[in-house]
Amino acid sequence: MGEPAEINEIKDKGLEIGAERLTEDKIEKTINSVLKGETGARLKAYVDTCIHCGLCSEACHYYLSRDNDPHFSPVGKVKQTIWEMLKKKGKVSPEFIKKASEIASTECNLCRRCAMYCPFGIDIAYMMLIVRRICHMLGVTPLYIQDTAHSHSVTMNQMWVKGDEWPDTLQWQEEEAQAEIPTLRIPLEKEGADVMYSVIGPEPKFQAQLIYQAAVIMNVAGIDWTMPASSGWDNSDMAMYTGDNEIMGRVKRAHFETAARLKVKKIVMGECGHAFRSVYDVGNRWLGWRIPPVEVVHAIEFYHDILKEGRIKISKKFETPVTLHDPCNIVRGRGLHEMSRYVTREMCEELIEMHPNREHNYCCCAGGGVINCGPPYKNKRIMSNRVKAEQLFAAKAKGAKVLIAPCHNCHSGLEDINHHYGLGLEIKFLMDILYEVMDKPE
Amino acid sequence: MPKVEYEGQTFNVDEDGFIDDFNNWNKDWVRHVKQVEGIEELTEEHWKVIEVLQDYYKKNGIAPMVRILSKVTGFKLKYIYELFPSGPGKGACKMAGLPKPTGCV
Numbered sequence: 001m002g003e004p005a006e007i008n009e010i011k012d013k014g015l016e017i018g019a020e021r022l023t024e025d026k027i028e029k030t031i032n033s034v035l036k037g038e039t040g041a042r043l044k045a046y047v048d049t050c051i052h053c054g055l056c057s058e059a060c061h062y063y064l065s066r067d068n069d070p071h072f073s074p075v076g077k078v079k080q081t082i083w084e085m086l087k088k089k090g091k092v093s094p095e096f097i098k099k100a101s102e103i104a105s106t107e108c109n110l111c112r113r114c115a116m117y118c119p120f121g122i123d124i125a126y127m128m129l130i131v132r133r134i135c136h137m138l139g140v141t142p143l144y145i146q147d148t149a150h151s152h153s154v155t156m157n158q159m160w161v162k163g164d165e166w167p168d169t170l171q172w173q174e175e176e177a178q179a180e181i182p183t184l185r186i187p188l189e190k191e192g193a194d195v196m197y198s199v200i201g202p203e204p205k206f207q208a209q210l211i212y213q214a215a216v217i218m219n220v221a222g223i224d225w226t227m228p229a230s231s232g233w234d235n236s237d238m239a240m241y242t243g244d245n246e247i248m249g250r251v252k253r254a255h256f257e258t259a260a261r262l263k264v265k266k267i268v269m270g271e272c273g274h275a276f277r278s279v280y281d282v283g284n285r286w287l288g289w290r291i292p293p294v295e296v297v298h299a300i301e302f303y304h305d306i307l308k309e310g311r312i313k314i315s316k317k318f319e320t321p322v323t324l325h326d327p328c329n330i331v332r333g334r335g336l337h338e339m340s341r342y343v344t345r346e347m348c349e350e351l352i353e354m355h356p357n358r359e360h361n362y363c364c365c366a367g368g369g370v371i372n373c374g375p376p377y378k379n380k381r382i383m384s385n386r387v388k389a390e391q392l393f394a395a396k397a398k399g400a401k402v403l404i405a406p407c408h409n410c411h412s413g414l415e416d417i418n419h420h421y422g423l424g425l426e427i428k429f430l431m432d433i434l435y436e437v438m439d440k441p442e
Numbered sequence: 001m002p003k004v005e006y007e008g009q010t011f012n013v014d015e016d017g018f019i020d021d022f023n024n025w026n027k028d029w030v031r032h033v034k035q036v037e038g039i040e041e042l043t044e045e046h047w048k049v050i051e052v053l054q055d056y057y058k059k060n061g062i063a064p065m066v067r068i069l070s071k072v073t074g075f076k077l078k079y080i081y082e083l084f085p086s087g088p089g090k091g092a093c094k095m096a097g098l099p100k101p102t103g104c105v
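Protein sequences appear in the order of chains A and B. In case it helps, the working numbering puts the first sequence at residues 1 to 442. In case it helps, the working numbering puts the second sequence at residues 1 to 105.
By construction, these hints were calculated from the structure, which means they are not laboratory data. None of these values were measured; they are calculated from a predicted model. Every residue, glycine too, gets a C-beta built ideally from N, C-alpha and C. Check each hint, because a few of them may be wrong.
[Unchecked claim] Listed below are several chain A residues computed to face chain B (Cβ distance under 10 Å; list not exhaustive):
1) K87
2) W160
3) W172
4) Q173
5) Q207
6) S236
7) C272
8) Y377
9) K378
[Said to hold, decoys possible] Pairs of lysine-lysine residues, derived as DSBU-like cross-links and limited to a Cα-Cα distance of at most 35 Å, are as follows:
10) A:K440 x B:K71
11) B:K27 x A:K13
12) A:K99 x A:K88
13) A:K265 x A:K440
14) A:K428 x A:K263
15) B:K34 x B:K48
16) A:K398 x A:K428
17) B:K3 x B:K100
18) A:K266 x B:K76
19) B:K78 x A:K316
20) A:K266 x A:K440
21) B:K34 x A:K263
22) B:K34 x A:K428
23) A:K162 x B:K27
[To be verified] Residues of chain B clear of chain A, computed beta-carbon distances all greater than 12 Å:
24) E7
25) F18
26) N23
27) N24
28) K27
29) D28
30) R31
31) E40
32) E41
33) T43
34) V52
All chains, please: the whole structure from these sequences, using the hints.
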C-alpha cells in the first residue's frame, strides 16, 4: 500500500487552497478533538474488531471496476485515511489530509454494500464520514460540493434558489398544469393539510416538470396536500456529505419545523435517496431524534399506497420492458425494494431484473456526494463503475430498454454510465412513467 | 485539463465538457456544443436562450432558474427542453459557456 494508486492529476481548488492553509499543529489538534469529542465507542469497536480479512473488497464497485486494486477496497480506503490518523495520533501532513479528503469524498459513495459483506458488519461508510468530518473541520473539501453546502447555509436549499423564486416557480407550474387539468392546484401554506410535499433544489431550479407531474398525481389522487411558500421546502442535505454537521442539522430542523408550522400529518418527499437518509438516519439523530419528529414518506411508499388504495388507476401499462435500479439509501438503508417492485409491476408490462439486485445491487457511483464533487472527478467516477455498466448490459441483453432510477443522484450518475459505455438505455424516474400511464380526467 | 478541437480551434474543458472560462466562449464553441449535444439545427431560439443565460450569469455569477429563463424568453418549459434535450442546466449552460451548476445535477 506504499505507492499511490495512480498518478493523480486531479486539480481541485477546494483541496489545494484548503491544504495550503494548514499547519501540522492545527491538523493534530483537529483530528484529536474530533476523535475524542465525536466518535467514542462506535469507531473504537470498528477499528478494534476489523481483522483485515479483506472480504469487504469484493463488495465494492470501485475495487471491482479498478481491476482489484487494493487501494480502492473499502479496507484500503480506511487504511489510507482514518487508521493512519489514529496510528500517528493525528500527526499527519497537509498533503495527507488533501489525499484523505479526496479518498473519503470521491472514492466512496457511502453505499454500505461492504457492510453486508463484512463478517462483523463494520460500517465503513461511517468511518469515511468521520474522515470527511475531520476534513471539513480543517477546511479541506472539494470545491463543487462545498459550494452546495454554502448554498444550504445561506438559503436552506442546495441550489441558491432565492425567496421569491420558489413560490413563483410553483405558481408557474400550477399554471402550466392547468392547461392539462383546469381544476388543478398547488396549494401553498395550507395549514392542517394531510401531506406536505417536499422536493430537492434541482427540481425548481431546472427540472420543474417534476413538480408539474407531482401536482398532477396529487390532484388526481385527491390528496389533501400543500407545499410551503418559504424556505424549508428542500429536503436535500449535501452538508451531511461534506461533514458540516452543524449546517446539516439546521437544514433538517428547517424542514421539520416547516412541516410542524403547517401542522401537516406527514411529509411526502420526491424520488431522492440522500435526502431520505438525512431525515431517517443521520440528520434526525444529530438533532437528538431517534426517529423523525414528523413522519416522512418516500415517493416509492407514496406511489405504492395510492396505487394499492386505488386512488390512481392505470389506463394503459407502459409497454417497453424496464429494469429497476435499487438506490442504496432507499433500499439497502430502508428496505423499500418490494414496494418499488410493486409500483413498477402495477405500471409496466414487463420488469426485467438486473443482477445483483435489491440490497445487493451495485451502486450508481454518484451518490454519497460523489457526483456533487463535480467535473474534476467525472472520469474517475465512470472508470470506477465498469461493473455497473456490465450489470446493465446483461439486463439489456435480456430485453430491458428503460432503466428506472428512483433517486436524483443515481439518475445523473447512471446517465453518465449510460453515455460513456454506450448502453443506449432510456433512464426514467418512477414518476415519469406513473404520470404517463395513469388515468387522468378528460 | 482535457482539450477539445473544433474547426482548428482548441478549447480547454472540464471532464463534463464545460468550457474552462466564460471569457474563452465564442460562436465556434456554440457550434461545437451543438454537435456534442446532438442538436440538429441552431435556431434563433437557441441564441435567445444563450443570450439570456449569459446576461444573467454576468450579473449574478450563477445560472438562472429555469423559471426566469422561461419568463425572459417567453418559452414554455417543454419548449426549452425541446431546444436543449439534456436540459437547461446541462446543455444550455454548456453552450452558453457557463460553468457546470453545482448541486445534485
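Evaluation of the provided hints:
no.	hint	verdict
1	K87	34 Å, violated
2	W160	6 Å, holds
3	W172	5 Å, holds
4	Q173	8 Å, holds
5	Q207	7 Å, holds
6	S236	6 Å, holds
7	C272	8 Å, holds
8	Y377	7 Å, holds
9	K378	4 Å, holds
10	A:K440 x B:K71	28 Å, holds
11	B:K27 x A:K13	29 Å, holds
12	A:K99 x A:K88	16 Å, holds
13	A:K265 x A:K440	26 Å, holds
14	A:K428 x A:K263	33 Å, holds
15	B:K34 x B:K48	15 Å, holds
16	A:K398 x A:K428	19 Å, holds
17	B:K3 x B:K100	16 Å, holds
18	A:K266 x B:K76	33 Å, holds
19	B:K78 x A:K316	23 Å, holds
20	A:K266 x A:K440	25 Å, holds
21	B:K34 x A:K263	49 Å, violated
22	B:K34 x A:K428	24 Å, holds
23	A:K162 x B:K27	31 Å, holds
24	E7	24 Å, holds
25	F18	6 Å, violated
26	N23	18 Å, holds
27	N24	16 Å, holds
28	K27	23 Å, holds
29	D28	21 Å, holds
30	R31	21 Å, holds
31	E40	19 Å, holds
32	E41	22 Å, holds
33	T43	21 Å, holds
34	V52	14 Å, holds
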